[in-house]
Every structure is written in C-alpha cells, then in structure tokens.
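Student: In case you want the letters, here they are:
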Amino acid sequence: MRIENREALDKRRKEAKEAMKRPAHRILVCAGTGCLAGGSAKIYDRFSELAAGRDDVSVEFGAEIAHAEVKRSGCHGFCEMGPLVRIEPKNYLYVKVKEEDCDEIFETSIQNDLPVERLLYEADGVKYETQEKIPFYEKQTRLVLKNCGHIDAENIDEYLAVGGYQALEKALFELTPQAVVEEISESNLRGRGGGGFQTGYKWKQVARQKEADKYIVCNGDEGDPGAFMDRSVMEGDPHKMLEGMMIAGYAVGAQNGYIYVRAEYPLAISRLKLAIAQAEEAGLLGDRILGTDFSFRVHINRGAGAFVCGEGSALTASIEGERGMPRTKPPRTVEQGLFAKPTVLNNVETYANVPMIINAGAAWYRTIGTEGSPGTKAFALTGSVKNTGLIEVPMGTNLRKIVYDIGGGVKNDVPFKAVQIGGPSGGCLVTSNLEVALDFDSLKKLNAMIGSGGLVVMDENTCMVEVARFFMNFTQNESCGKCVPCREGTKRMLDILEDIVAGKGTKESLQTLEELGEAITNTALCGLGKSAALPVLSTLRNFREEYLDHVEKKCCKTGTCQALMQYKIKPDLCKGCSKCARNCPVSAISGKIKEPFVIDQGLCIKCGSCLDNCPFGAIVKES
Amino acid sequence: MLEQSYYDKADEIISQHGTVQRFLIPIIQDIQSYYRYLPPELLSYVAKRLGINEAKAYSVATFYENFSFEAKGKYVIRVCDGTACHVRKSTAILDQIYKETGLGKGRHTTDDMLFTLETVSCLGACGLAPVLTVNDVVHPAMTPEKVHELFEELRGAKG
Numbered sequence: 001m002r003i004e005n006r007e008a009l010d011k012r013r014k015e016a017k018e019a020m021k022r023p024a025h026r027i028l029v030c031a032g033t034g035c036l037a038g039g040s041a042k043i044y045d046r047f048s049e050l051a052a053g054r055d056d057v058s059v060e061f062g063a064e065i066a067h068a069e070v071k072r073s074g075c076h077g078f079c080e081m082g083p084l085v086r087i088e089p090k091n092y093l094y095v096k097v098k099e100e101d102c103d104e105i106f107e108t109s110i111q112n113d114l115p116v117e118r119l120l121y122e123a124d125g126v127k128y129e130t131q132e133k134i135p136f137y138e139k140q141t142r143l144v145l146k147n148c149g150h151i152d153a154e155n156i157d158e159y160l161a162v163g164g165y166q167a168l169e170k171a172l173f174e175l176t177p178q179a180v181v182e183e184i185s186e187s188n189l190r191g192r193g194g195g196g197f198q199t200g201y202k203w204k205q206v207a208r209q210k211e212a213d214k215y216i217v218c219n220g221d222e223g224d225p226g227a228f229m230d231r232s233v234m235e236g237d238p239h240k241m242l243e244g245m246m247i248a249g250y251a252v253g254a255q256n257g258y259i260y261v262r263a264e265y266p267l268a269i270s271r272l273k274l275a276i277a278q279a280e281e282a283g284l285l286g287d288r289i290l291g292t293d294f295s296f297r298v299h300i301n302r303g304a305g306a307f308v309c310g311e312g313s314a315l316t317a318s319i320e321g322e323r324g325m326p327r328t329k330p331p332r333t334v335e336q337g338l339f340a341k342p343t344v345l346n347n348v349e350t351y352a353n354v355p356m357i358i359n360a361g362a363a364w365y366r367t368i369g370t371e372g373s374p375g376t377k378a379f380a381l382t383g384s385v386k387n388t389g390l391i392e393v394p395m396g397t398n399l400r401k402i403v404y405d406i407g408g409g410v411k412n413d414v415p416f417k418a419v420q421i422g423g424p425s426g427g428c429l430v431t432s433n434l435e436v437a438l439d440f441d442s443l444k445k446l447n448a449m450i451g452s453g454g455l456v457v458m459d460e461n462t463c464m465v466e467v468a469r470f471f472m473n474f475t476q477n478e479s480c481g482k483c484v485p486c487r488e489g490t491k492r493m494l495d496i497l498e499d500i501v502a503g504k505g506t507k508e509s510l511q512t513l514e515e516l517g518e519a520i521t522n523t524a525l526c527g528l529g530k531s532a533a534l535p536v537l538s539t540l541r542n543f544r545e546e547y548l549d550h551v552e553k554k555c556c557k558t559g560t561c562q563a564l565m566q567y568k569i570k571p572d573l574c575k576g577c578s579k580c581a582r583n584c585p586v587s588a589i590s591g592k593i594k595e596p597f598v599i600d601q602g603l604c605i606k607c608g609s610c611l612d613n614c615p616f617g618a619i620v621k622e623s
Numbered sequence: 624m625l626e627q628s629y630y631d632k633a634d635e636i637i638s639q640h641g642t643v644q645r646f647l648i649p650i651i652q653d654i655q656s657y658y659r660y661l662p663p664e665l666l667s668y669v670a671k672r673l674g675i676n677e678a679k680a681y682s683v684a685t686f687y688e689n690f691s692f693e694a695k696g697k698y699v700i701r702v703c704d705g706t707a708c709h710v711r712k713s714t715a716i717l718d719q720i721y722k723e724t725g726l727g728k729g730r731h732t733t734d735d736m737l738f739t740l741e742t743v744s745c746l747g748a749c750g751l752a753p754v755l756t757v758n759d760v761v762h763p764a765m766t767p768e769k770v771h772e773l774f775e776e777l778r779g780a781k782g
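Taken in sequence, the protein lines are chains A and B.
Residue 502 in the numbering used here sits at position 502 of the first sequence; the count goes up by one each step and never skips.
Residue 634 in the numbering used here sits at position 11 of the second sequence; the count goes up by one each step and never skips.
Okay, chain A solo, but in the shape it has when bound (with noise of 0.2 Å):
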C-alpha cells in the first residue's frame, strides 16, 4: 500500500512494530550465502514444519501460547561456524547446526527456553550463549551492519519497525537540501570505498551544478579479491543502503540512482530488485515520495565481469553500455559522470553511513572512529586467522585488536607474518604494525591503504614473493589495456616475478621490479593502475630477505615455490619398493629393488606423484 504522508508512514511504522513483537518466540537461521551452502535452506525448512506443527499446539492450549516464526535474516558474518541458528528472545546462538538438529533445538530452546549446549559457540573451553558474549562480536562495534542478521532482509515493514527510512522521512520534512549536504559535510564521513574521498564535499560540487539531469551512482562492483563487506549489506541490509542513495538524491537534486552490482553476487541482486519494488509500493520510491516534491527512481546494473569497473569513469562508462575503460579526468564524475552529467559516486558502505547521520547528527558520529577517519569501518576478515568473516570496528582500531582479540589470533597458532590490506591495490602490514591506529591517513604514511577493506592474513608459512605474483597476476589479468604502464608494465613485472618463484630470478631482478613499480605508479591513467605495483613494492620493502632467498640462495623458506622445492628420498624409511619409480612421469627416479632409490634433480619436474604413491612415507619435499 503506499504511504502518501508522513503520518500514515508514522502509523505503518507503529504497525510494522507491533508485527514485529509479536511472536514470543523467533526462530533466526542464516540465509547467507555460507549458510545456504552449508545447508541452511533445509534447516529453514525443518524448522518451518516443526513450526507449523506448534500452531495447531497453540489452538488446543489457547491464544496466548508462543509460536516460534522463522526467518530469512542476512549474514550474521559468522560464516566459517555456519549454518547459523539464532533463537530470541535468549538470543541462543548455535553455529553448525544440522538438519537432524532442528528438533532437538524446537524442542530445548523453544518450549523450555534453555540453550542446547552441544550446539553452542565454544572457544579455548568457553561457552558461549549469545551472540553478543562471543569476543568476535563483543568487541566489535557494529553500526552499518547492526540490522544484518537481526531483520528479515526480504521485508520492508522490518526495516520500518527498526527505524527505517526515519532519516530520509527527517531529510524530506525537517531539512532543506542544503542542510542534507551541511550535515554530512559536518560529519567528514569519507568515502569507504578506497580513497577515502569527503563525501561532503563530493556532494556539495554535485549540488552545485546548473545541470537538469543529475545522477547517484552506488558502486557495489566489490572485486577485491579477499572482500565482502558491500555484499553482505546488500544482501543482509538492503534498504539502508536504498535509503543512503535516497537521501543523496534529495541533496544534490538528482531523480536517478544507479546500483552497479557485480554479477558474482545473484542473491544481492535479487534482494536489491525485491527492495526497490517494496519501497516503491510502498511510495518511498517513484513520483512524489511521502507525498513530497521529491521523486527518485533506482535503477540496477549487472556487471560483466570487469574488475576495472570499480573505478568511477570506468564504471559509468558500463552503465552507459560501453566498454570499461577509465577515461582521463578532468572533467571529474561531480562535473561530467554518468551519461556526461554530475554525478555523485559512492560505494555501498558509505550509503549506508548516510541514514545515522542524518538520524543521530554529524556531532554524534564524529565521537565514533578517529578525527581525520570518523566513523566504522567493516573489514573483510580472511586468510590465516581462526575467525574468519566480516567484522566492523570504530576507524582507529588497531591491527593487533582485530587478528588477535576479534580475529582469535594465527589459524593453528602458527606465528603471524603480515596482513595484505586493500586487496591488490594495497600493501601488507607487519608484525612492528600491529600497533598502528588503522584510518585513511595512517595507512597512507605506511604506503598501504583502507581500499576496500580486506584483510588477509598471512602466516608465517606464506611466501610472500608468490603473495606478490598472485596479486599481480590478479592485476595483470583486469588491465583494460587502455594505457600502456598499466597494460605493459604490470605484464613485464609478472615475468619478473614468475622468474623469480621459478627460481630463474636474479638480484638484478628485483631493481628492476622497483624501477617499473615506481614508474608504473607515477604514470598510469587510473587509481587501479596507480595502485597496481604496491603490494609488490610493499613486500620487497618488508621482505626483501625473502626475495634474496629466491634469487640468491634459489630457496623458498616456507615450502610454497614448487620449482624450488627438491623431492628427496630418505634412505632409512625406503624399503625399495619400486613404485616410485614405476609412478615418475619423466623416469627421474632409480635404484635396485629392495635397496634404497635416489632421485635424479636434473630430471625430477616436481610433480609430487612419488611422494603421493609412496607406501612409506619415505619420500620428503625440502626447500
């Protein structure tokens, strides 16, 4: 139904509430994307029957025995202990739940009301109930992704009843667009997309402009390998985000959003279209919102598959049905962007600052995070470490707090090496980091950056210089090809460095590396390209042992460059056998049956088949 004014949005809210209370009991299982693939729809399903059983129990004891409702919530960004089950009003939270679990927990958690201790989260012999009590969530301050997992993601009302689109209802009736741009202004929430770019300030040129046609652009292209932070707003939190291009809209004066999602992530762009068309039912989006002057549409966008297309000319160029391609700035996107008009650009999470703000004022948010990096910042937890997931802490917060307090430390207490921070447009962090205040300009004295918040960490069994390759092999592939630094430059660095993890790498080499790497940075036309080289540059200033060793002494410390790994035979353990030898491709191995056999290093192409065929275990992999 829509909502013609504000009262009536006063009273559909006032409904969603009492809707939403309902239920003394509610059944949560996790419909992310971990989840589902870890089985979570058939948990949904099992639940929904017990459920359905519990109504008719209702009817024969009376109207006001509890029914347990089930939900489909967003991610609770718990996704390695998945699927996740959450009972209120205890807040009981299991993880790993299976299909055959779910009636041991109707039957313990909802009609006794105690937690099924078997199922519940446990750490170094802790317990714990809720979710809240948890150290991956207790110390995280979670503000852009307090509603993900808590409301039903596919139900406007719940966005409603928890206060939703109350900002965009105080922008439309309470503030002037002027004062819209004042207050984000005023709260200095920068751009979390990965420059760290003042919002403010970026919709106040746009604002400006004389131009009829005017455009807000939400970049939900989240390629970062190692990130998926935007991805579980959008699929967890949606409307936040809606609300945020909303309010930008009525700001700058624009009539058109555009959500440029990539095409990896079908289950956020199938809640983006089901959220867009409840909220233009609803009359919060389409002609005359809330019975205002204000219309706004938004509009969504697959991407095809560029990585490019994260970068702002690049991806307005796909809206427009072009090829990706970044252009060359001058004029700026807030002058000229999408379809040659202003435009303001911002990614997902930044959206989503918008509504607190202009809810709780720019002075509030401001005593959150650091002065120059106010705010939250959601990281995307990965790699090495034992908790792996999203996280979102105060800017300010520093690394040893994330990996060890929030994170649980190293993966199988495995010395810590490095975090990669931004993802290939980053650098690495390491050990004498840990300290550092993570915010937009800490980071840029450390030449890493924020970008778009991954964290990867690394233990001490990763070898760095393949870390490198890895990234730019990553970039090399997602060149566009338009410039020559990034097109040929990053090509000749990855040679380099293929060179070098094949161990026919020299100390000449990694000059060269530095050579390209600063010149590559200096002259590429895009952000992606100007960033291309740093985490090669960032690990030959962190590592540069670690690159002698490749070059010089043609060794890899931790066992990961296959050409510089020897297969050798212990005499002791060899009973002579022969099927080592039978097994080699290349006929490197020899010997007489029953006598120890040697392997032939001039020949052996290290393919590890001896060592998988081997009955007794006598055959080693050494650096």
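Bear in mind the hints are in silico, worked out from the structure with no lab data behind them.
Do not take every clue at face value.
Far from chain B by the CB rule (all over 10 Å, computed), these chain A residues [what the hints assert, rightly or not]:
#1 18
#2 302
#3 549
Below, simulated DSS-like cross-link-like pairs (lysine-lysine); rule was C-alpha separation at most 30 Å, straight line [claimed, not checked]:
#4 A:504 to B:722
#5 A:621 to B:632
#6 B:769 to A:273
Note that beta-carbon positions come from the ideal geometry of N, C-alpha and C, so glycine has one too.
Since the structure of chain A is already known, use the hints to place chain B on it.
Tutor: Just chain B now, kept in the frame of chain A:
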C-alpha cells in the same frame, strides 16, 4: 544462420529493455543466461536493433569476461582463485578438476558438453575458502577428495 526461434527470443528480450545503447549489456546478459552463451549472430542482430554498429557491440562484448561466444557445458564450474582461496590452496582444487575432466589451460569445455571450467578472482565467500560453484551453487571448503566426489555425483546425475 541460427533458427528463427533465436531471433524471436532476442526480440522478446530486447522488448523487455529498450532499444538504446545503455541496454546493450543487460540485453546480451539475458541472452547469455538463456542460451548459456552469446551466439555471435545474435550480437550482430542486437546491434542492428539498437542502432549501433556491429564493431561497437563486439568491442563491448569482448571487453567483459562474462560473455562467451562459445557454447558452455551443462555444468559451469567456477573455481575461485581469490586471495583467501589461494592462500587456502585452491590450486590443488583446480589440478584435481583438470584430472577429472581432462581440461586444462586453453581448454574450457569438455567434448561431451557436460563441463565448462572457469576460474574467477573472487566469489565473495572468502570465509568458506576454498570454494567453487557449479551453476551458481556454492560448494564450500573444498578438498581434492570432495572434488572427486562432486564429479562422481554430477556424472551420475547426467543420465
């Protein structure tokens, strides 16, 4: 020359969007998701309908990795080789798939049109690394053994 039904389908998809250039990508995305590849003849046809030249349409379609002018197999397997998956040994997963299918660098689809193999940079499910998808269904925390089981299962389901 394609059968008429292909052009009818293209017309149907075009009518859902519109005949201006900004709909080029959504239109060919829909065509591809229907046929599981983009028949080159239809790209030319769409270009004509949108009033843009063929070279333009071709330049756009070849720029984006998702478009394929070759027919894909019944099961499109995408192996993630993003940072998190790479760190958690996605290479071993890929090698196992090569073993299972006989595919390799430069050969993406099996002759029986059953499997198409692609690698992607990140599926956004890093917490479940290493992952792969089969026709968009996520298979988490893969091991070479699980890959083998998966192929047994897919091969079994084909009849």
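Student: Does each hint hold? Answer for all of them.
Tutor: Hint-by-hint comparison with the structure:
1. 18: holds, 36 Å
2. 302: At roughly 6 Å from the nearest Cβ of chain B, residue 302 of chain A sits no farther out than 10 Å, so the non-interface label is violated.
3. 549: holds, 20 Å
4. A:504 to B:722: With Cα atoms ~28 Å apart, residue 504 of chain A and residue 722 of chain B stay inside 30 Å; holds.
5. A:621 to B:632: violated, 57 Å
6. B:769 to A:273: Violated, at roughly 35 Å.
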